[in-house]
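Residue numbers (numbering that gives the first Met the number 0), protein chains in the order written: chain A, 0 to 295; chain B, 0 to 228.
Please note that the accuracy of each hint is not assured.
[Unchecked claim] Part of the chain B face toward chain A, derived, beta carbon under 8 angstroms: (1) Gly36; (2) Ala39; (3) Pro47; (4) Thr49; (5) Gly57; (6) Thr68; (7) His72; (8) Ser74; (9) Thr77; (10) Ala114; (11) Lys183; (12) Glu185; (13) Asn219.
[What the hints assert, rightly or not] Rough simulated footprint, nothing fancy, chain B against chain A, three-plus residues with beta-carbon under 8 angstroms: (14) 98 to 107; (15) 218 to 230.
These are calculated hints, taken from the structure and not from any lab test.
Just so it is clear, the structure is predicted and the values come from calculations on it, not from any experiment.
Note that the Cβ used here is the ideal one computed from N, Cα and C, for glycine as well.
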Amino acid sequence: MCGIVGLFLKDPALEPELGRLTAAMLATMSDRGPDSAGFAVYGSGGSDTAKFTLRGKSAALVAAAVERIKAAFKGVTAIHHDTHVVVGIPAGEADGFVAWLAEEAPEIDLVGRGHRMELYKEVGAPAKVAERFGLAAMGGTHAIGHTRMATESAVTTDGAHPYSTGTDQCLVHNGSLSNHNNLRRILRREGFDFETENDTEVAAAYLSWKMREGMSLGEALKGSLSDVDGFYTFVVGTENGFGVLRDGIACKPAVMAETDRYVAFGSEYRALAVLPDIGKARVWEPEPSTVYFWER
Amino acid sequence: MPEVDLATTPLRELNAALHRLKPDTNERHWVVDNPAGKHAVAAGLDAPVTVEINGSVGYYCAGMNKLATVVVHGSAGTGVAENMMSGFVHVTGDASQSAGATGRGGLLRIDGNAASRCGISMKGIDIVVRGSVGHMSAFMAQAGSLVVFGDAGDALGDSIYEARLFVRGAVASLGADCIEKPMKDEHKAALHALFAQAGLDGSIDPSEFRRYGSARKLYNFHVDHAGAY
């Protein structure tokens, strides 16, 4: 199984409510994925600051690393959320920071990079994970979330979704891929590193690869219809919105809702039932093999 | 008239109360509010009562239904009226995949669209969809009728047995062993009767539909295929 939720706000007045609504949606999907949970929130940020989400084994380990980052770089901001920290670095120093981190702080994982995206994931019941990171208090324009019931690999933080696919981009997945070992071999030859045996990590790397080759995200998603074997509903978060793709068989559920104020995605209608005025929303099921995007 | 608010009453309590109803019960009209997409609402009924559900439901609503009338004022998730035995299930919105799956009898009416695998392995149920149906609908359908006012997706009636399929709009593609068949007077009469039963009498002309069914080449032993066994 696994559950996916996504919320894209059209009405700026709802932006302070983004985290609260996403947390409520995520909690309803606990039955579909009680092992672990994760979410990406697109909050404040601009092109002059690079935003990194870092993760360590403990909050103390992360705090110690942040002290070293502050000593090595100027103009660093850090907002701590339990085992994760969102670090802001002047955009010009972003590549240098990534190299420094790999060299000087190998105990810290870089889970997300961009200008607006923050990415959190941990093992545990979805409602607890959301609470640990204070999701309900977060604001922003859009968010995607995932609750995991592990099938292809172990229940670990690295096995939880979302997976970053590029700058301000991430992927969540419900389903299971059958050619991920072969794809992983191909992608390793293309220079991609893998942290886990997880199939979704392969799908994320596949999208990154296709975009590196010059495809748009929409084209890369379409490419996965022929190259990625298995069954899946993918939801990708982008700087400006989110995209949805179901495989041709479409046995993994998906429901969408749209009102004047938001567009929402849920694995089940239950996830949408917590949203304001859902009774008046246009509710429908996305078609198989069709890429959908909602962007501002 | 019992009214049950699922925002405050546990779903199991509602279903248990419905399951306790005897054939001669006087509580013949139930109203359910705030289903909020919950699964298995009003599943397993076995009494001639009417249950009206105000809002959208999750999976397997009215599954295994016998004798009862279940009306969903909203949309339904996967497997609405799956394995229905008899009675009437009416969804005013859309239905997700596998609507009426394996149904043995009764009538399922969907006013919106049904997604993929509508009527998969149907065994006697009649399904009337006023919108369109998705791919692989009526897969391995054995008996009963699937009537679609709109279009049908890919592989309609794949590996079909003796179910009858009627589509008014376009069919994206027919599945293995499913072919178009002539629409005779007896089929128009059967559709007319079905529309009357579904409460759609006079709203649509049966002669606008095309009929599809089994070529009977797949499930009958054919001596030319003997080498394949």
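Quick rundown of the hints versus the structure:
no.: 1; hint: Gly36; in the structure: holds, 3 angstroms
no.: 2; hint: Ala39; in the structure: violated, 12 angstroms
no.: 3; hint: Pro47; in the structure: violated, 29 angstroms
no.: 4; hint: Thr49; in the structure: violated, 22 angstroms
no.: 5; hint: Gly57; in the structure: holds, 6 angstroms
no.: 6; hint: Thr68; in the structure: violated, 22 angstroms
no.: 7; hint: His72; in the structure: violated, 10 angstroms
no.: 8; hint: Ser74; in the structure: holds, 6 angstroms
no.: 9; hint: Thr77; in the structure: holds, 6 angstroms
no.: 10; hint: Ala114; in the structure: holds, 5 angstroms
no.: 11; hint: Lys183; in the structure: violated, 34 angstroms
no.: 12; hint: Glu185; in the structure: violated, 35 angstroms
no.: 13; hint: Asn219; in the structure: violated, 28 angstroms
no.: 14; hint: 98 to 107; in the structure: violated (count 0)
no.: 15; hint: 218 to 230; in the structure: violated (count 0)
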